[in-house]
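J.: Next come the chains, spelled out residue by residue.
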Amino acid sequence: MIQIVNYGVGNFTAVANMLDRIGTKCEIIADPNHIVYDDFSKLIFPGVGSFDAAMSLIISNGWVNPLNKFIENPNNKLLGICLGMQLLFEKSEEGQLQGMNFIPGKVVKFNASDVSIRIPHMGWNNVEFKDKANLFKDIPVPTRFYFAHSYHIADIHKDDIQATCNYGYSFPCAVKKDNIYGVQFHPEKSHKFGLKLLENFSNL
Amino acid sequence: MIKPRVIPVLLLKNGGLYKTMKFEKPKYVGDPLNAIKIFNEKEVDELIVLDIDASKNRKEPDYHLIEQFAGECFMPVCYGGGISNFEQAQRIFSLGIEKISLQSSVLNNLDLISEISAVYGNQAVVFSLDLKKNLFGNYKLFSSSNHKTVDISWKKVAVDAVNAGAGEILINAVDRDGTLQGLDIDILGEIKPLLSVPLIFCGGLNSLENIKLAVSNGADAVAGGAFFVFNGPHRAVLISYPKYNDLTTLFGG
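From first to last, the protein sequence lines stand for chains W and X.
Note that the numbering used here numbers the first sequence so that position 127 is 127, with each residue one more than the last.
Note that the numbering used here numbers the second sequence so that position 44 is 44, with each residue one more than the last.
These aren't lab readings, by the way, just hints derived from the structure by calculation.
Hints may contain errors.
List time: in silico PhoX-like cross-link candidates among lysine-lysine, alpha-carbon distance up to 20 Å [as the list claims (entries may be wrong)]:
1. 243/X x 212/X
2. 177/W x 91/W
3. 192/W x 243/X
4. 192/W x 133/X
5. 192/W x 212/X
6. 137/W x 91/W
7. 109/W x 91/W
8. 192/W x 137/W
9. 243/X x 37/X
10. 158/W x 130/W
11. 25/X x 56/X
12. 22/X x 133/X
13. 177/W x 137/W
14. 192/W x 42/X
15. 42/X x 196/W
Put together the whole structure using the sequences plus the hints.
T.: Put into structure tokens, the structure is as follows:
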């Protein structure tokens, strides 16, 4: 059973639709009191929109402490998607608020010095992952995922990078630190590649 | 690098799937859910679904139908038609749709674009711009809800929409719609230098080479209707979509 956090903005319905398709039980929770803390629990943390708008909702709806408590148990797993992943870091150039600070690193705007690069980075792009990246187990190479974002992760420890993508230059698009995972792309909108990735998360 | 997107555009009318000719004469082509399931199986890059009746008849979006097809789409979906306020957009996002397309409700007032993009992000708002040539052969902004040209600069509207927060612009050439005569590439030259956001180009798409031509002239994504739902000179209904390998070969990757 996977719980999907609905703190206000994020395509949680699409995530639930895909988990239904792979036969994984899931529930969308809009109240932090409903988080299950049992051993081997899983949470998906989606997100769209701007960093501060989302972070404000997370703070005002009381998600900060419950999420911290959830990840204290190393057997629990958390997966952030798109902005949901960016919020796991210390801070973002997009806003003033502090992020959840679960993974060292920050979020920066795409460098548009190359005029052929349009922002947002939107569409299907190839992803290169590390051999032992468990979210990508049995995913064929080359693999593609759907992206829609204007900011990306930077200043992250290289051991925490699971996969990279190239848009003008290479940037980290999947991360893992201990029991915390994050992907910049949208697995819930990436056909069989996304299905497999969510299935892998479900099987962790 | 990113692959240019190739996007089928599906038109809804009274719960059915239709295809128009120059924005008129809607022809019934089948059940939208069935078509969408087929496109999902064909692993399309993205889908655009537009309700061509909603704004015209001042109807609410058909939330039940939207929820049904959103559940079948494991790719990004943009919905447009009948969205005139923030609450309607919010409801559509909550059904599993990640982008909405706006036109009728924002042609005279771009505030709704700002309101929605401030919460859901620029990538969630597509501004839909329809263009029709006048008697002198100049492009004019066309309002699809009342089928009238509007006497304001379409280029300025496009730029203003981006400044207001639209993350993509969908441009459709009305005179080419449904004709399979090829995309009106001239439009790209006029608008491309003015836009910093992705441009989805539509109207007349008829071949893979035509997609490539549009991309090499600046389109970030190419959309089409008849090309994906009709087959042969008699326009028999047959849903098709290029194979992924054919598209990567086309773009030389």
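J.: Just pull the numbers of the violated hints for me, sorted ascending.
T.: 4, 5 and 6
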